[in-house]
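Colleague: Now for the letters of each chain:
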Amino acid sequence: MAERQLADTMGKISAWRGILERIAMPIISVVLAIFLGALIMLVAGFEPLPAFLALLKGSFGSPRAIGETMLRATPLLFTGLAVAYGFKAGLFNIGAEGQLFMGGLVAAYLGVVMGGVSLWINIPVILLAGMAAGAAWAFIPALLKARVGAHEVITTMMFTFIARYFVSYLVSGPLRAEGAVAQTVRIAESAVLPKLHDLLGTAPIGRAHAGFIVGLVLAVVMWLVLRYTTLGYENRAVGFNPVAAETGGISVSATMIKALCISGALAALAGVTEVLGLHYRLFDQFSAGFGFTGIAVALLAKNHPIGVIPAAILFGALSAGAGTMQLEAEVPQKVIFIIQALIIFFVAAEAIARWIVRFTRKEAIEDAG
Amino acid sequence: MLADVITPDLFASAVRVATPLALAAIGGTICERSGVVNIALEGMMLTGAFFGVAVTYFTGSAWLGVLGAVVSGTLLSLIHAFASVTLKTDQVVSGTAINILATGVTGFLMEVIYGHPGTTDPVARLRPLLNLGNPFNGVLADIWRWIDAVFFSHTPIVYIAILLAVVGQWWMYNTTWGLRVRALGEHPRAADTVGISVVRGRYFAVLFSGAMGGLAGANLSLEQVGSFTENMTNGRGFIALAANIFGRWTPGGSYLASLLFGFADALQIKLQPLRDVIQIPPQFFLMLPYILTVIVLGGVVGRAVAPAAVGKPYEKG
Amino acid sequence: MDGALLELRGITKRFPGVLANDDVDLTLHEGEIVALLGENGAGKTTLMNVAYGLLTPEAGTILFEGKPVQIKSPRQAISLGIGMVHQHFMLVEPLTVAENIVLGQEPSRASIIDFDAARTFVKDLSDKYGLRVDPDARILDLPVGMQQRVEILKALYRGARILILDEPTAVLTPQEVRELFAVIRSLVEEGLTVAFITHKLEEVMNIADRVVVMRDGAVVGEVRPADTDQAGLARMMVGREVVFSVVKEPATRGDTVLSVQDLSVTDARGIESVRGVSFEVRGGEIVAVAGVSGNGQTELVESITGLRMPSGGRIELKGRDITRASARESIEAGVSHVPEDRLRRGLVLEFDLTENIVLGDHRKPPFATRGIMHPAEMTRVAAERVEAYDVRAPSTRVLASALSGGNQQKLILARELGRNPELLIAAQPTRGLDVGAIEFVHKEIIKERDAGKAVLLVSLELEEVQSLADRILVMFEGQIVKEFAAGEASDEDLGFYMTGGGGRKLAAGTAQEASHG
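Protein chains in written order, with our numbering: chain A, 1 to 369; chain B, 1 to 317; chain C, 1 to 517.
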C-alpha cells in the first residue's frame with residue numbers, strides 16, 4: 001500500500017517535472033527570439049531597451065493597454081486552438097484564415113437578420129452558426145484528405161483564398177451597406193458582444209470584449225475534450241500512431257474528417273467574435289492574418305489547449321504594444337513580425353535552440369571555472 | 001461590346017500578369033521536384049519586390065535592382081533550405097515563418113530607409129525591350145497590332161520568364177541535372193545509393209526557387225508598378241503554388257497554368273467597365289485559379305501526383 | 001574460377017538487443033554462385049549490407065582481391081565492383097528503364113543526356129547477359145520481374161563483378177524465377193560472381209554451386225548441393241536444442257470458434273498472398289501457423305482481425321460471419337490481436353499505460369459512457385491488469401515508450417487478454433524478448449487455452465510452435481501445405497515444409513495472374 005502511494009507521488013512529481021520541461025523550451029524560444037530581435041534593432045540603429053519598454057507599456061502598462069492586449073489575443077485564442085486541435089490529429093490546418101472569414105460572414109449576416117431577439121439567444125445562435133460555417137468550409141478539404149490523400153495544407157490554403165474573394169464579393173455587392181466604404185450593415189444591438197468592463201462591471205479596460213471570455217472557456221473545453229472524451233482520445237491516437245489506432249478499431253479517416261471540421265469550427269469563431277465584438281460589421285480587410293498567426297500560437301503552445309492561452313496573450317501583447325513602440329521609441333512596428341517569425345523558427349527547430357542553450361551553458365561554466 | 005473586351009491588350013495583359021506567377025511557379029516546380037515543399041514563394045516575391053526597388057533607389061540602375069531582388073530572394077530561401085534540409089524541421093512551418101519574416105523585414109526596412117510605411121517613392125523602371133512602330137496599313141496594321149502587343153511589347157523579365165519556361169522544360173527532361181533532381185523528389189535513397197548528394201541537390205533547388213521568387217518580385221515592382229507597396233504581392237505566391245500543381249510540376253506546365261490564371265485576371269479587369277451588362281462579379285475570376293486547383297487535387301480531372309518524397313526530410317541510413 | 005574475390009573475415013555486427021552477425025567469415029570466388037541460406041533473422045541480409053557499405057560492422061575485415069579495403073558506403077562498394085539488388089527496389093518509378101540504369105553516371109555531352117547512347121548501353125548489356133528490357137518503358141508500368149532486371153542491369157552498368165541478390169525470388173512467379181536463374185547462369189558464364197540470399201531450399205538445390213547456411217547470426221555450415229539434399233539443408237537451417245519446454249495438459253477441445261473457409265487475400269501490391277486457405281480453431285486448443293515471414297501469414301491475420309478485406313472466402317466466429325467486419329467489429333465480436341509489429345501496430349508509444357490498455361475498448365463501459373471517458377475507472381482497471389500481467393513499471397502514468405520490449409509485450413497482453421476474448425490471435429508474440437518474458441507470454445497463452453478459449457498462434461520460431469501448439473499448420477506461399485498434430489513433426493519436418501520442401505508446385509496460371517494484377 002505504501003509502495004503504491006510512493007509510486008503515485010513519484011508519478012506526480014515526474015508529471016510536474018514533465019510540465020516544467022515542456023514549457024521551458026517555448027519560453028527559451030521566446031527569449032531567444034526577443035534577444036535576436038533586439039540585436040536586429042541595434043544593427044539598424046535603434047535602441048532596443050526603450051523599444052521593449054515601450055512595447056511593455058503599450059501591452060500591459062495601463063488598463064487600456066491590457067484591454068488592447070486581450071482584444072488582440074481574442075481571435076488568436078480561437079485560431080490557435082483550431083490549429084492546435086488539428087495538429088493533435090496530425091493535420092495541418094493552414095486554412096484557419098479562410099474559415100474565420102466564413103465565420104465572420106455568418107456573424108455579419110445573422111447579426112443583422114436576426115435582430116430583435118434577446119442577447120442571450122442571439123449570440124449563442126450566431127456562435128453555433130459560425131462554427132457550423134467553419135466546419136462546413138473545412139469539410140471538403142477534410143474529405144479530399146481522407147479519400148484521395150490530398151494534402152490539407154494545399155486544399156485549406158486554396159479554400160482560404162476562395163473564402164476571401166467570396167466575402168469580398170458579398171461585401172461589395174449583395175450585402176453592401178449604404179455609403180462609400182465596402183462593408184456590411186451594422187449588426188443589431190442584440191448581437192453585440194458586450195465589452196468586458198460592461199460585462200464584469202469593472203473600470204474601463206479598453207476595447208476588450210466578451211469574446212475573450214468565450215476564448216478562455218473554449219480553451220478549457222478543448223482541453224477537457226482532448227483529455228476526457230472518446231473524441232479527444234481517438235484524435236490523439238490517430239495523431240500519434242494511425243496504424244495502432246486502426247488496430248484498436250478507430251476509423252482513421254472518420255477521425256481526420258472530424259478533426260479538420262472541428263478545427264474549422266474553432267477558427268470560424270475568431271471571425272465571429274471579431275465581428276460581434278469589435279467591428280460590428282464585415283469588410284474586406286477585417287483579418288490581420290489571424291489564421292497564420294494562429295499557427296505560431298499553436299506551435300508555441302506545443303498544441304496544448306491551455307498553453308494556447310498564454311501564447312495567444314503573448315502574440316496579442318506584441319501586436320498591442322507595437323503601436324506604442326513605434327510612437328514612443330520610433331522603432332518600426334513591423335519588427336514584431338520579425339520577432340514572430342523568429343519565435344516560430346526557434347520553436348520549430350528546438351534542436352538548434354537546445355544546442356544554443358547548451359553551448360552558452362558550457363561557456364558559462366568555462367568562464368566560471 | 002465584345003470588341004471592347006477582346007483586344008490585343010487583353011492578351012498582352014494576360015502575359016504580363018502571368019509573368020510573376022510563372023517565375024515563382026517555376027521556382028516552386030524545381031524545389032518540389034527535389035522533394036522540398038516551398039510555401040514561402042510569397043515571402044520571397046515580396047522580398048524581391050522590395051529589394052529591387054531599394055537597390056534601384058540607391059544605385060539608380062534598375063538592372064542592379066533586379067540583381068538585388070534575385071540575391072535577396074536567394075538569401076531568404078537559404079534560411080528555408082537550412083531549416084528544411086539540414087535541420088529537418090517541418091517544411092510548411094518553415095515556409096510560414098519565412099512569409100511572416102518577409103512581411104516584417106520589408107516593412108521594417110521600408111521605415112528605416114524611406115521613413116514611412118505604405119508605398120515607396122517611384123524608381124526607374126525597366127522599359128519594354130522593343131519598341132517597334134506600326135509600319136503597316138489597313139488590315140495588316142490591325143494584325144500587326146495584335147502580334148506586337150502580345151509578343152513584342154513586353155519588358156525584359158517577361159521574356160526571361162518565357163525563356164525559363166521553355167529552357168526549364170527541356171532542362172528537366174534532357175539534362176543530367178534535371179534527371180537527378182527528379183530522382184531526388186521521388187526516391188532520394190535510390191539517388192543517394194548511386195552517388196547523388198541529396199543535400200546538395202535540394203539546397204540548389206531551394207535556392208533556385210528563392211532566386212525565381214526574387215525575380216518575380218522584381219518584375220512586379222520594377223516592371224509593372226515602379227514602386228514598392230506593403231503587401232503588394234497579395235497572394236501571388238500562393239497562386240504560383242496552385243499554378244505549379246495545375247501544371248503538374250513541370251516548368252512548361254507552370255507557365256501555361258500561370259498564363260491561364262493571368263488571363264482570368266486580365267479578363268476580370270477588362271470586364272469591370274461592363275459590370276451593368278455582364279453580371280459576373282470580378283471575384284469569380286479571381287477565385288478561379290484556386291477552385292481549379294482544388295478540382296485537380298480532388299482527382300476529378302486526372303490525378304495530380306506530387307513527387308513521391310516531397311515534404312519528407314531525408315534521413316541517411 | 002580460382003581466386004578469392006571478396007573475403008569477409010570475422011564480421012561482427014550488433015543492433016540494440018541483437019547480435020546480428022557473430023564473427024562471420026565468408027569468401028566469394030570468381031565465377032561462382034553462392035547461396036546464403038537461413039531463416040529470417042539469421043543475419044544474411046545484415047552480412048551483405050556490410051559488404052555493400054550500408055552498414056559498418058563493429059569488428060572484422062574485408063579483403064578485395066586479397067587487399068584490405070574499407071567499404072563505408074554503397075558508392076565505395078560500387079566502385080570496387082560490388083552491386084546489390086535489394087528486396088525493396090531502389091528504382092525511381094516515374095522514370096524510364098534507361099534513365100534509372102544510367103542515373104548518376106549518365107552518358108552526356110555538356111550535361112545534356114545522350115539518350116541514344118544510354119539506349120545503346122542498355123541494349124548492349126541486355127544482349128550480353130540475356131536480360132530483355134525496353135529502355136523506354138517506365139518503371140511503374142513494369143511487372144516486378146522486369147523491374148528486378150533493371151536493378152541487375154543497373155549494377156552491371158556500373159561494372160559489377162559481384163552481384164548480391166537479396167531474396168530475389170520473393171516477388172517472382174515461377175516463370176520469372178526460371179528466367180532469373182537463366183540470367184544468373186549467363187552472368188556467371190561471363191565471369192561474374194553471384195551471391196544470393198534466400199530461405200527457399202528448392203532454389204538453392206537448383207542453382208547454387210555452394211551453400212552457406214547461417215543461423216542466429218553465425219555460419220553453421222557450408223556445403224555443395226551435390227553433396228546433400230533439401231532435408232539435409234533443412235536440418236542445418238533449423239536444428240537447434242530446445243532451450244526450455246512448456247508443460248501442458250492435453251487439450252480439451254470445445255466447439256468451433258474460428259472457421260476460415262477458402263480464404264483469399266490480396267496484399268497492398270495487388271499480389272494474392274493468401275490463396276484459398278481453410279482451417280478451424282476450436283475452443284481450448286492452440287493452432288499454430290508455422291512459416292517463414294512473407295508467406296501470407298500477415299495478410300491472413302489482417303483479414304481475420306478486420307484490418308484488410310479478403311478478396312474471397314469466408315470467416316466465421318462462432319457461427320457469425322465476420323468476413324467483411326471492420327477492426328472495431330471484430331474486436332466487438334470477441335477477437336483479440338497481439339500484432340507482430342509491437343511498436344508500430346501494437347502500442348501508441350506516446351500514450352501512457354492506462355491509455356494503451358483501454359485502446360479498442362475505449363468507447364464502452366466501464367471506460368466510457370456516451371463519449372465521456374472515466375479516468376478513475378480506467379486507471380483502476382489498468383492498475384489491476386498491469387499487476388495481473390506483470391508489467392514492470394513505476395506507475396500507470398508512465399509512457400509506453402519507457403518500457404522494455406518484454407514489458408511492452410506484457411502490456412499488449414494486458415490489453416488483449418484482459419478483454420476476455422473468444423479468439424486470441426498472437427503473431428510472433430515473443431519476437432525480440434528475453435527468456436523470462438518469453439516464458440511469461442507462453443504461460444499466458446496456455447492459460448487462455450486451458451480456459452477454453454481458441455488461440456491462433458502465428459510464429460516462425462519452431463520451439464515455440466512445437467511446445468505450444470496442439471495442431472500445427474504449415475503455411476507456404478499463401479497456402480496451408482501440411483498439417484501436423486502436436487508431437488507428430490520433428491523440427492526438420494517443419495523446416496522442410498516451411499521452406500517449400502516436398503516439391504509443392506503451384507498451378508502456373510494462378511501465380512501468373514496474381515503477379516500481374
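Simulated from the structure, these hints should not be mistaken for laboratory data. Treat each hint with caution, since some may be false.
Subject to a maximum C-alpha distance of 30 Å in a straight line, what follows is the list of computed BS3-like cross-link-like pairs (lysine-lysine) [what the hints assert, rightly or not]: (1) K270/B <-> K302/A; (2) K302/A <-> K88/B; (3) K258/A <-> K312/B; (4) K72/C <-> K248/C; (5) K12/A <-> K443/C; (6) K72/C <-> K88/B; (7) K258/A <-> K248/C; (8) K72/C <-> K312/B.
Only a predicted model underlies this, so the values are computations on that prediction, with no experimental measurement involved.
Colleague: Can you confirm whether the C-alpha distance between K12/A and K443/C stays at or below 30 Å?
Modeller: 34 Å, violated
Colleague: Can you confirm whether the C-alpha distance between K72/C and K88/B stays at or below 30 Å?
Modeller: Holds. K72/C to K88/B sits at ~24 Å (cutoff 30 Å).
Colleague: Tell me if the straight-line CA distance from K270/B to K302/A falls inside 30 Å.
Modeller: Outside the cut-off at roughly 48 Å; violated.
Colleague: Checking one constraint from the list: CA of K72/C to CA of K248/C, max 30 Å. Satisfied?
Modeller: 51 Å, violated
Colleague: Quickly compare the C-alpha distance for K258/A and K248/C to 30 Å and report which way the hint goes.
Modeller: At roughly 49 Å apart (the allowed maximum being 30 Å), K248/C and K258/A break the hint.
Colleague: For the pair supplied as a hint, K258/A and K312/B, confirm whether the alpha-carbon distance does not exceed 30 Å.
Modeller: It holds: about 25 Å lies between the C-alpha atoms, which stays within 30 Å.
Colleague: Would you check the hint for K72/C and K312/B, treating anything up to 30 Å between C-alpha atoms as holding?
Modeller: 25 Å, holds
Colleague: Are the Cα positions of K302/A and K88/B separated by 30 Å at most?
Modeller: Since the Cα atoms of K302/A and K88/B sit roughly 18 Å apart, the hinted pair holds (cutoff 30 Å).
Violated hints, listed in ascending order, are 1, 4, 5 and 7; each of the other numbered hints is respected by the structure.
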